[in-house]
Amino acid sequence: MSTRESERNSSAQQTLDILYEISQLLNTQLDKATLATCVGMVENGVNPEALAAVVQELRREGSALGVQSTSNAATTR
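For the sequence shown, the residue numbers in the working numbering are 1 to 77.
One thing to keep in mind: the hints can contain errors.
[To be verified] Pairwise CB distance ranges (calculated): (1) E57 - N9: 29 to 37 Å; (2) E7 - G45: 35 to 43 Å; (3) T34 - V67: 15 to 23 Å; (4) E61 - E7: 39 to 47 Å; (5) Q24 - G62: 14 to 22 Å.
Please keep in mind that the hints were generated in silico from the structure rather than gathered at the bench.
For glycine and all other residues, C-beta sits at the position ideal for the given N, C-alpha and C.
Can you build the whole structure from these sequences, using the hints too?
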(Lines of atoms letter the chains of each structure in order from A; the text may use other names.)
(Lines give C-alpha, C1' and ligand atoms only; values in the text may rest on other atoms or scores of the structure.)
Protein backbone atom coordinates (compact mmCIF):
# COMPACT_ATOMS: atom_id res chain seq x y z
CA MET A 1 0.00 0.00 0.00
CA SER A 2 1.37 3.39 -0.93
CA THR A 3 1.83 6.19 1.56
CA ARG A 4 -0.93 8.15 -0.13
CA GLU A 5 -3.40 5.27 0.19
CA SER A 6 -2.38 4.75 3.80
CA GLU A 7 -2.95 8.42 4.58
CA ARG A 8 -6.33 8.35 2.85
CA ASN A 9 -7.39 5.26 4.81
CA SER A 10 -6.20 6.83 8.05
CA SER A 11 -8.12 10.01 7.28
CA ALA A 12 -11.26 8.05 6.44
CA GLN A 13 -10.98 6.11 9.71
CA GLN A 14 -10.54 9.32 11.70
CA THR A 15 -13.57 10.82 9.99
CA LEU A 16 -15.65 7.74 10.78
CA ASP A 17 -14.47 7.83 14.40
CA ILE A 18 -15.54 11.48 14.70
CA LEU A 19 -18.90 10.77 13.06
CA TYR A 20 -19.39 7.86 15.44
CA GLU A 21 -18.67 10.08 18.45
CA ILE A 22 -21.19 12.62 17.17
CA SER A 23 -23.75 9.87 16.60
CA GLN A 24 -23.25 8.69 20.17
CA LEU A 25 -23.78 12.23 21.48
CA LEU A 26 -26.98 12.41 19.43
CA ASN A 27 -28.03 8.96 20.71
CA THR A 28 -28.58 7.57 17.19
CA GLN A 29 -27.97 4.00 18.41
CA LEU A 30 -26.01 3.24 15.24
CA ASP A 31 -22.94 1.03 15.52
CA LYS A 32 -19.82 1.89 13.53
CA ALA A 33 -20.54 -0.62 10.78
CA THR A 34 -24.08 0.66 10.25
CA LEU A 35 -22.89 4.25 10.37
CA ALA A 36 -20.20 3.48 7.78
CA THR A 37 -22.82 1.86 5.54
CA CYS A 38 -25.09 4.90 5.84
CA VAL A 39 -22.21 7.29 5.10
CA GLY A 40 -21.27 5.23 2.05
CA MET A 41 -24.85 5.28 0.81
CA VAL A 42 -25.06 9.06 1.19
CA GLU A 43 -21.71 9.47 -0.57
CA ASN A 44 -23.15 7.41 -3.44
CA GLY A 45 -26.14 9.71 -3.82
CA VAL A 46 -28.81 8.34 -1.51
CA ASN A 47 -31.04 11.07 -0.12
CA PRO A 48 -30.05 11.44 3.58
CA GLU A 49 -33.59 12.30 4.67
CA ALA A 50 -35.00 9.25 2.91
CA LEU A 51 -32.29 7.07 4.47
CA ALA A 52 -33.11 8.45 7.92
CA ALA A 53 -36.79 7.69 7.34
CA VAL A 54 -35.96 4.10 6.36
CA VAL A 55 -33.77 3.62 9.45
CA GLN A 56 -36.56 4.94 11.68
CA GLU A 57 -39.14 2.69 10.01
CA LEU A 58 -36.91 -0.36 10.39
CA ARG A 59 -36.51 0.44 14.08
CA ARG A 60 -40.28 0.75 14.53
CA GLU A 61 -40.84 -2.57 12.78
CA GLY A 62 -38.07 -4.20 14.79
CA SER A 63 -39.61 -2.94 18.02
CA ALA A 64 -43.03 -4.20 16.98
CA LEU A 65 -41.59 -7.62 16.14
CA GLY A 66 -39.75 -7.69 19.45
CA VAL A 67 -42.98 -6.96 21.31
CA GLN A 68 -44.81 -9.63 19.30
CA SER A 69 -42.05 -12.17 19.99
CA THR A 70 -42.17 -11.42 23.69
CA SER A 71 -45.97 -11.69 23.85
CA ASN A 72 -45.93 -14.90 21.76
CA ALA A 73 -43.34 -16.43 24.08
CA ALA A 74 -45.43 -15.49 27.10
CA THR A 75 -48.60 -17.06 25.67
CA THR A 76 -46.87 -20.33 24.78
CA ARG A 77 -45.68 -20.92 28.34
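Results for each hint:
1. E57 - N9: 29 to 37 Å: 33 Å, holds
2. E7 - G45: 35 to 43 Å: Because 26 Å falls outside the window, the suggested range is violated.
3. T34 - V67: 15 to 23 Å: At roughly 22 Å between Cβ atoms, V67 and T34 fall inside 15 to 23 Å, so the hint holds.
4. E61 - E7: 39 to 47 Å: 41 Å, holds
5. Q24 - G62: 14 to 22 Å: Between Q24 and G62, where Cβ atoms are some 20 Å apart, the hint holds.
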